[in-house]
Amino acid sequence: MSDFAAAVNAQRAYLLRIARLQLPERERAEDVVQETILAALESQDSYAGKSSVKSWLTGILKHKIIDAIRRSAREPAVPAMGGEGDIDDLDVFFSEHDHDHWESKPADWRNPERDLEQKQFMDMIDFCLERLPPNTARVFMLHEVMGLESDEICKELQITATHLWVILYRARMLLRKCLEQNWFARAETAG
Amino acid sequence: MRKLTCKEASRLISQAQDRKLTLAQRAALRLHLSLCEACTRFGAHLNTLRSAMRKYRE
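First to last, the sequence lines map onto chains A and B.
Here our numbering is used: position 88 in the first sequence is 88, and no number is missing along the way.
Here our numbering is used: position 34 in the second sequence is 34, and no number is missing along the way.
The shape of chain A in the complex, shown without the other chains:
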């Protein structure tokens, strides 16, 4: 195997993690990752080396996932986007008496730049992503990791911009809380 092929194959688990958040059926996610790796190996010449192999593969995966979403939109088996567009479930983050204040005040994360350098922190991000409601994770990843523009997401998933903002807000609220509880709180007790 060439160095390039080895570098591409080394990202298989990462690609599968992302694909599974988008496509809940394991087989479909695996197919998309296969297609991505094949496409990458065929278009080695187009890899300019400006970005990391991982980042370049993420871009190819994005297109494969959009194709898969389009294909599945024509089949009735797609999970509907409904249910996660409601904002009331986020009320638990705010005081019961009035919504003026946070139920628990966001903590001081001190020097998060240092945390971002740690592999365990990135593992914690995976842990928290997997605990998001499925459509929330899907939209958040399309937007933040695959870099799909808001209007493209609205078009592909047939949701309104307002709905999109609510979903992204939910994703950030839940991820922030998860990181605070499982990472930053722990760092604090460890001193």
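Calculated from the structure, these hints are not laboratory results.
All values reported here derive from a predicted model rather than from experimental measurement.
Where is the CB? At the ideal position from N, CA and C, for every residue including glycine.
Check each hint, because a few of them may be wrong.
[Unchecked claim] Anything over 12 Å on all C-beta distances counts as not near chain B; from chain A, calculated:
| # | residue |
| --- | --- |
| 1 | Phe4 |
| 2 | Pro24 |
| 3 | Gln34 |
| 4 | Ile37 |
| 5 | Glu42 |
| 6 | Asp45 |
| 7 | Ser51 |
| 8 | Arg71 |
| 9 | Asp108 |
| 10 | Gly147 |
| 11 | Ala171 |
[What the hints assert, rightly or not] Here are the simulated DSSO-like pairs of lysine-lysine, each with C-alpha atoms no more than 30 Å apart in a straight line:
| # | chain 1 | residue 1 | chain 2 | residue 2 |
| --- | --- | --- | --- | --- |
| 12 | A | Lys155 | A | Lys62 |
| 13 | B | Lys7 | A | Lys177 |
| 14 | A | Lys119 | B | Lys20 |
| 15 | B | Lys55 | A | Lys155 |
| 16 | B | Lys3 | A | Lys177 |
| 17 | A | Lys62 | B | Lys3 |
| 18 | B | Lys55 | A | Lys105 |
| 19 | A | Lys62 | A | Lys50 |
| 20 | A | Lys54 | A | Lys155 |
| 21 | A | Lys119 | A | Lys105 |
| 22 | B | Lys20 | A | Lys62 |
| 23 | B | Lys20 | A | Lys177 |
| 24 | B | Lys7 | B | Lys20 |
| 25 | B | Lys3 | A | Lys54 |
| 26 | A | Lys62 | A | Lys177 |
| 27 | B | Lys3 | A | Lys105 |
| 28 | A | Lys177 | B | Lys55 |
| 29 | A | Lys105 | A | Lys177 |
| 30 | B | Lys3 | A | Lys50 |
| 31 | B | Lys55 | B | Lys20 |
| 32 | A | Lys54 | B | Lys55 |
| 33 | B | Lys7 | A | Lys54 |
| 34 | A | Lys105 | A | Lys54 |
| 35 | A | Lys62 | B | Lys55 |
| 36 | A | Lys155 | B | Lys3 |
[Unchecked claim] Derived DEER-like restraints, expressed as beta-carbon distance ranges:
| # | chain 1 | residue 1 | chain 2 | residue 2 | range |
| --- | --- | --- | --- | --- | --- |
| 37 | B | Ala44 | A | Asp91 | 14 to 24 Å |
| 38 | A | Leu41 | B | Asp18 | 27 to 37 Å |
| 39 | B | Leu21 | A | Glu96 | 25 to 35 Å |
Please arrange chain B on chain A, whose structure you already have, making use of the hints.
Frame of chain A; chain B shown alone:
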């Protein structure tokens, strides 16, 4: 200009990452943040989250 609740402020802080807020929204948010440490931290946390997701794909 009406005073924002933390709930409203947190929604605007999130939306500011996705769209340009209106002038009135930005002014109301700035005022809220100047007085509210909790929402200021929330905003910083969302910036950290965004950097983390950028790093996630690198």
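**Study point:** Agreement of lysine 55 of chain B and lysine 105 of chain A with the hint, judged by alpha carbon distance not exceeding 30 Å
**Key:** Since the Cα atoms of lysine 55 of chain B and lysine 105 of chain A sit roughly 27 Å apart, the hinted pair holds (cutoff 30 Å).
Review point. Does the structure keep lysine 20 of chain B and lysine 62 of chain A at a Cα separation of 30 Å or less?
Key: 25 Å, holds
Review point. Is the nearest Cβ of chain B still more than 12 Å from the Cβ of glycine 147 of chain A?
Key: Its Cβ does come within 12 Å of chain B, the nearest being 8 Å, so this is violated.
Check your understanding: Are the Cα positions of lysine 20 of chain B and lysine 177 of chain A separated by 30 Å at most?
Key -> Within the cut-off at roughly 25 Å; holds.
Check your understanding: Does the alpha-carbon distance linking lysine 119 of chain A and lysine 20 of chain B stay inside the 30 Å limit?
Key -> 33 Å, violated
Check your understanding: For the pair supplied as a hint, lysine 3 of chain B and lysine 50 of chain A, is the alpha-carbon distance within the 30 Å limit?
Key -> Roughly 47 Å separates the two Cα atoms, so the pair is violated.
Check your understanding: When you check the alpha-carbon spacing of lysine 54 of chain A and lysine 155 of chain A, does it fall within 30 Å?
Key -> It holds: about 27 Å lies between the C-alpha atoms, which stays within 30 Å.
Point to revise | Outcome for the supplied range 14 to 24 Å, where the beta carbon pair is alanine 44 of chain B and aspartate 91 of chain A | key: 23 Å, holds
Check your understanding: Does lysine 3 of chain B pair with lysine 105 of chain A here, judged by a C-alpha cut-off of 30 Å?
Key -> 19 Å, holds
Check your understanding: Are the Cα atoms of lysine 62 of chain A and lysine 177 of chain A separated by 30 Å or less?
Key -> This hinted pair holds, its Cα atoms lying about 27 Å apart.
**Study point:** 12 Å Cβ clearance of alanine 171 of chain A from chain B
**Key:** 9 Å, violated
Exercise for review: Look at the Cβ atoms of leucine 21 of chain B and glutamate 96 of chain A and judge whether their distance stays inside 25 to 35 Å.
Suggested key: 28 Å, holds
When the structure is compared with the earlier hints, violations turn up for hints 7, 9, 10, 11, 14, 17, 25, 30, 33, 34 and 36 and for no others.
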